[in-house]
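Assemble the complex: chain A is given as a structure, and chain B must be docked to it using the hints.
Chains as they are written, first to last, in this note's numbering: chain A, 1 to 429; chain B, 1 to 219.
No lab work stands behind these hints: they were computed from the structure. Every residue gets a Cβ at the ideal spot worked out from N, C-alpha and C, and that includes glycine. The reader is advised that the hints may include incorrect statements.
To be verified - Just the calculated beta-carbon pair ranges, DEER-fashion:
id, chain 1, residue 1, chain 2, residue 2, range
1, B, D159, A, V306, 45 to 55 Å
2, A, Y428, B, R207, 47 to 57 Å
3, B, D213, A, Y428, 53 to 63 Å
4, A, I309, B, M1, 49 to 59 Å
Listed below, chain by chain, are the residues.
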Amino acid sequence: MKLIDFVKIAFTNLRKKKLRTILNSIAIAIGAMLIIVMVSLGFGAQDYIVEELKKYDLFNVVSVSPFKEVKTVTISFGTPQESINEKEINKQIFDKDIEKFKEIKGVSHVIGMINVNPLNVKINGKELTISAFGYNPYYELFPQDKMKEVVLAGRLLKEDDVNGVLIGEKILKSAKINDYNSIMNREIEIAVPNFLSLDVLLKEKVKIVGVINEKADYSDTMVLPLKLAVKLKEYSVGEEKYFEKYGYDQVSVRAESFKDVNNIAEEIKKMGFTVSTFEEALNELEKYFSIFQGILGSIGIIVLIVASIGVLNTMIIAVYEKIKFIGILRALGASRKDIRNIFLVESGTIGFIGGTLGTIIGLILNQLINIFINRIILKRPENFVKIFSTPIEFIVLVIVFSIFLSCISGLYPAIKASKLDPVEALRYE
Amino acid sequence: MIHIENLYKYYISGKEKYLALKDINLKIEKGEFVAIIGPSGSGKSTLLNIIGGLDRPSSGKVFIDGEDIFKFDDERLSKYRNKRIGYIFQSFYLEPSYTVFENVMIPLIFSGDGRREEKVKKALEKVGLSHKLRSKPTELSGGERQRVAIARAIVNDPDILLCDEPTGNLDSQTGLSIMNLLKDLNEEGKTILLVTHNLEYANMSSRILKIRDGEIKED
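If we strip away everything but chain B, and leave its shape as in the complex, we get:
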């Protein structure tokens, strides 16, 4: 389902060219749970952002179900992110002035779908937070916030979840519960890419990619 061919990504800062990803070739099938590990700055997040259509590769191609997503215009690429990708970040990125309900609803605004309330409630139910609908994120614990973020990621029922160190800001017990939630979602058929530093969590996945200096060293 995800097929990456000869992917390069470099950044130019001043006169120096910094290579973030180097000749990545990768195939991920539907329903896989892939953990990506590697030291900081090895290019894990960049890879995730490129698959998510948020960042652009310097060269190479990313096919999703056979379609080169970087041939899409901004409108279509945004639609792709909206409908097929669910993003989960380390620091949750919830909007503090919005309620839980409003935060989860944001992707539905961009898809222009109806039956919003129903979908938001269903997503919150899945993460076990249907009773916190009217709360503000600041009133929630870290684990709860990450659950809200997960509800937001799945509200549009995407088939790919991109998780960038989702447990990084959580204690180990809360982290584990988040991991279990992701595992459940994987069993429901979602393809999951997880960037993590935690080997214990990585071992819960079905496949581990080790990245170092922008290259896949071990699969």
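For reference, chain A alone in the conformation it holds in the complex:
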């Protein structure tokens, strides 16, 4: 017996009991629709949030470290954390490596840093403890396209700056300085504690030459010329020739787009360096989203299960109504398996009709809500945001799942039908 014959018989039987079929299908459809709408919200919200996050530079950055990988990823926004004593050196990064990183396809910007942390600074009569880093002004601090918005006052560092520094807007704000131009070229005192004692300080006089916009990276740090940073670092960790020994503490490799991040990370890994990206943090985030989707989807699944109990009920009745027909079919050469399959396909067909119907209604509903959100709430028609988004695989999955659940419900009546004694079935009135 061919599947097409089963399907034809199923449709003929279902057409005979239109109302019952419609009611059953609607129950399934409501379940399927709920799954589609709920999980689409999950998918859409996830896509939306991930896309929004990807707009931040953060996700375009591959962080290269000379140290061996540390299991815990600390997400630090422009404030490089460090605890060198606990780290084991892996492979030092020098200027020649930075040149190599620059040549990797998709890389837009590379900068190497020496971190100085903590750093005490006296400004406007206040003492603050901040973090700082030094870099070689031969490289650009920011990608070319970001330059304009970055500097609020003054300028960036030049290669011949010896004690000129940049200061982040956030630091100035916590020091209650509002007029940034007034502090240009002002001399301030910075100091780092010795590695043995926090009270023994190395003091340096520096000159503020620029202010970094609080919306940009590094807006809560001080940016130093490399040589000065190395000097402070050597004092704070108590090692001479720090830069020659360890190279840069950290190198930020910026990708042109988020898509390149993984490739770049792989390339650098191949060179033997330790890399980390925010992709990993993003994966973690996606895990939470699956839980979220699971919770939303299970509401629909519960409805589907209730609906399939309805199918079970219908199929039990259908078998009773068809006892005689089953006897006739057996007399005409239907095997037990044929009878079982006829009823299985029939219940599966209810699932198919309901699942498809529910999916279509769900998709229409999603689209309507999307249009509503965009027009009424977000009011930006030029940039359509899909808060409800449904991957095609998921649509197929929902329909298959509806069919599957209905088949499960049909299994018991189908097996019962197949086990009927044909002679008694024929005699049944």
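Relative to chain A, chain B alone:
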């Protein structure tokens, strides 16, 4: 072709054992037209159902062309019913929601054969109903319905026709025409077993079996 050996069939209802067939030994050759007569409840239909592989004997064997059909599994026994047996019932047993064409096609669905349309049309032609292809059984007369049932029985070209009082629900004239149709099929080489109450029809056969209380009393 049909060879029955020491066949017993009893039913158990509650604590009572009811004997339906008792030590049946029977040989039927290919092309025979056998009428089985006897009072109601004498076991005629049970015998027919056992030969058709629809019912199982309590003991004894049924050989068809030397093969014990009750050694077949369900799949093979169903195939046997499908390919070699044609069933014709007193109350036709047509599916009212199917058209004539669909009703006749049912056995072909289970045999999985191709050229269905051609075979259905040929069978309906044989019973003189090729013009009623798209009708529903409810639109047909009793005689026509039985002809559709006969077309359904022969659509797979079986060699044995099992007829359980095929004229029981028909008036005598229509009954006679059905009998003539069966006679024609017998002349074409089909082996026919006919259960009937009507002695006139029984006399149209080539052999009469009288059954009483589950035993063959007269052959």
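Which numbered hints does this structure break?
Per hint list: 2 and 3 violated.
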